[in-house]
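Chain residues, written in single-letter form:
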Amino acid sequence: MDGGAAPPRAERHRGPLDAAELADAAVTAAVVVGLLTFGRLLAAGTFFQVLGTIVVAVLSARRRSRVVVMSTTASMAMALLLGGIGPISQAFVAGLFGWAGGRGLARRLRLLPHVALTVVTAWPIVSAATLAFLALFSDVRQLSFENARNQWVGFGRVLERIGLDRIADDGTRFTDWSIEHWWLMVPVLQLGVTIVYGLIVRRVGRFVLQRVERSLDAPWTPPVAGAGSPTAPAPVPFSLDGVVVHRRAGRQSVPVRPDRVDPGDRVVVVGDNGAGKTTLIEAIAGLHPVEGIARSGRPGLGEPGGTALIGQAPQTQVLGLRVVDDLAWGTTGIDDPLALLRQVGLEHLAEQPTSRLSGGELQRLAVAAALARNPALVLSDESTAMLDPDGRRRVLDLLADVDAAVVHSTHLTDEFDRFARRTEVGTPTPALSPRHPERPRGAVMLHVSGVGYVYDPGSPWERRVLAGVDLDLRKGEVLALHGENGSGKTTLVRMLAGILRPSEGRILVDGSPVHERTREIAVAFQHPRLQLLRSTLYAEVTSMAGTKDERVVHGALRAVGFDPALDAGRRVAELSGGQQRRALLAGILARQARVVVMDEPLAGLDAAGRDDLRRVIDRLTLQGTSVLIVSHDPIWAEREGIRIVELSEISGGLG
Amino acid sequence: MRTIQFRHLERTSTLHRLRPDTKIVCLIAVSMGVALNLGWAAIAAGWTVLVGAFLLSRLPRTMLAPPPRLFLLIVGFSFMFSLFSGGDPVVGGIELGGVLEFAQLLALGLLLVGFAALLTWTTSLTDIGLGLANLLRPLRLVRAPVDELTTVIVLAVRSVPEIGSEVSAVTDAYRTRPDRTDRRGGVRGALGDMVDFSSTVVVAAHRRAGELGRAMVARGSTRAPHAPLPKRRSADLVAAAACLGGAVAAFFVF
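If you read the protein sequences in the order shown, they are chains A and B.
So the first sequence is numbered by my numbering: it starts at 1 and just counts up by one.
So the second sequence is numbered by my numbering: it starts at 1001 and just counts up by one.
Check before you lean on any hint, since a few could be wrong.
Keeping only pairs whose Cα atoms sit at most 20 Å apart, straight-line, the calculated EDC-like set for lysine to aspartate or glutamate is [stated by the list, open to error]:
{"no.": "1", "chain 1": "A", "residue 1": "Lys475", "chain 2": "A", "residue 2": "Asp456"}
{"no.": "2", "chain 1": "A", "residue 1": "Lys548", "chain 2": "B", "residue 2": "Asp1193"}
{"no.": "3", "chain 1": "A", "residue 1": "Lys475", "chain 2": "A", "residue 2": "Glu351"}
{"no.": "4", "chain 1": "A", "residue 1": "Lys475", "chain 2": "A", "residue 2": "Glu520"}
{"no.": "5", "chain 1": "A", "residue 1": "Lys475", "chain 2": "A", "residue 2": "Glu462"}
{"no.": "6", "chain 1": "B", "residue 1": "Lys1231", "chain 2": "A", "residue 2": "Asp567"}
Hints listed in this document are in silico derivations from the structure and should not be mistaken for laboratory results.
Just chain A, same shape as in the assembly:
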């Protein structure tokens, strides 16, 4: 990896941060603050401070210094909340050494030059900052130094008792000398710290940066529509014919039939995951240079009378801290924000923090932000994929009523008939006809009785989420546990995984308490991407399975459609979203657990993904494994002929 090509960096430019830089700076600040919080909770401050440094180093290797400065200033401001000067200085240290280390990583320096660069750039700053702080707060300095001396003298008394007078005396002399020459000793100590940080960032950060670069595209700077443009935007009508999108990664042709969208049209774009729906929507929005889209004028993304874009993940659609603030983002004074909120059914939440909104409410707020611009064209990129059935229905109702042309992409077949016209991207995988294999039933494998959970018992934050849950799962049985959002599903899954101990009741796997038998219960949480931790596919499956038995691992890889000979060495970072999902399923299969728990396994799955999942479930039951599926969407389980249990019905006594 030494001597490889320098990592791609954003094109050099000056001036204020652009959209992508602002977002990178913000999430990095949030991660650093999050890590420092974790560190304080787990009393492992230094370890998490080092992790924070590496996170900043990745930012610094990919972005210019101004981005790092903004990010670090923001994390220091937020650290105010974590307990004053301690966390603020931790955020500063992480930012400074991360910035210096990132410069070295970006240049692909060898170990010694890397450390030297860190020393030359960061050491003067950290020394000067510390000296300035100590000079300003001279009372605190004197008190702290006096205490340090007392500690040593007291410790020296213990040493004298065991006959180590020399060490005690020398130590006291050294301490006195150091305190007297603190302006010299502080930089010397900081030099040591700087070197250690340089070493760690180089040893660890380099591999992290490599994986990040394999997983993500090169830093991309999306163009913000020109508000000062002389012409009014005119996104519709437009026509599609032989669409080729030019992205940084290269040209990508989108397999879509020729079509034309006129004002007021209702078009649904359908296609499997990875077929190119998002690319097409982004191209229509004008985010990428494109051939084969003929429009009447500028798309005018985000401008009044132009194009409005609603994306997939509810949490990242909404930018403001309160509902009204979000609506104001990018608009110059809305006449009647409350009327707009009433239209999407959110007027009662106007002053509420957006962090309290559900996924469906967030997406409705995103629709309101779109409507605030009186757009001529509304693009919706899988905006319903992450929502529960009720949230989905309400967003679709809103899209149906919009006074503009609407192009909505989805992989959910039941949404098709809500739209007048359908355009297909790629060739959809035909859904397999349902079959209901006779699943063997045997002894009780998972026994849950009287289980409840209370968060923070005895504190003012005390909150009960589950009470008296009873559930039996037999050998080879498949059970779908249905519960609304907020019903405690995730808490139950974490208890089944042995991460949380139930506040009351028992969870037995094959007759033993679950936390003693974690080997026997495999859990697939939501978001496969957050559960893949190793660098290659083979290492991932081995680690998840806890076995190096090649027969088992290869069998599992084959079962989910990988070719062990070709794919075993593939890098996890380079797998597509669908492949990552299959990698997770392979790990679950190879684990050969007695019980498998899956949390929302269908979120965002297309027809092909559902077939994969069905095959894996069949295979698991054939080998006698019991499967518990936890989901907010019971409809698919009905189709599969799987027994459904309502969480609210087995969780009694919750007042």
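Please build the complex by placing chain B on the supplied structure of chain A, with the hints as guidance.
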């Protein structure tokens, strides 16, 4: 074991109703006032303010759970060594100098953490973000890049809950892996874990950043709009005047 926590707790009280920027100003003023005029008198004054504010906040006494064990252990040892070190004054044949100095440092440290804790308990993260943004606004006059910084803070505050749940999802995935047959122990193993952990977290965070960036472009603006706080009430003015005045007075009194 239950331990002290730093999380917002919703209640209605004078302290909860104060504007977040007022509380931030007070926190900084009182902390600086004590730290720059250190002595038993200043510390006593600071603790009086802290206890008074805690009573005003009408927070339940159950907030004050014991601190983490590791902290108690460190404090215990420090106390012991301070006692051994001796020094004036001598009371009942025991030299208390070291202990008193340690007590002063501990009182100062706990005071500063106490003020920050009070801010956290009475103010939501959202309000902190709004408060910081409002405090930074005047700096526009000296042409500091305040709009940029405010946008970063707003987006960061917005991302904290989600990023937090992503970090805990990665932690969960780690904890449910079976015996780590594939990993050597020792330093190499620890460094390997560090790479795995931070890569997964950083990739997730940067993907989120990509979506946030796209959402900003879709809104046609990369600047967080000015988010006005509710009007200042007399309580805000009294609190800010008292804290700032007290901090300035401390220079003359102590």
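Hints and how they fare:
A hinted pair counts as satisfied when its Cα atoms are at most 20 Å apart, and lysine 475 of chain A with aspartate 456 of chain A does not qualify at roughly 35 Å. Distance check on the hinted pair: lysine 548 of chain A and aspartate 1193 of chain B sit about 19 Å apart at the alpha-carbon level, within 20 Å; holds. Of the pairs offered as hints, the one joining lysine 475 of chain A and glutamate 351 of chain A is violated, with about 51 Å between alpha carbons and a cut-off of 20 Å exceeded. Distance restraint check for lysine 475 of chain A and glutamate 520 of chain A: the Cα-Cα separation of roughly 13 Å lies within the 20 Å cut-off, and the hinted pair is therefore satisfied.
For the suggested pair lysine 475 of chain A and glutamate 462 of chain A, the alpha carbons sit about 36 Å apart, so the restraint of at most 20 Å is broken. A distance of roughly 62 Å separates the Cα atoms of lysine 1231 of chain B and aspartate 567 of chain A; the hinted pair therefore is violated under the 20 Å criterion.
Violated hints, in rising order: 1, 3, 5 and 6; the structure is consistent with all others.
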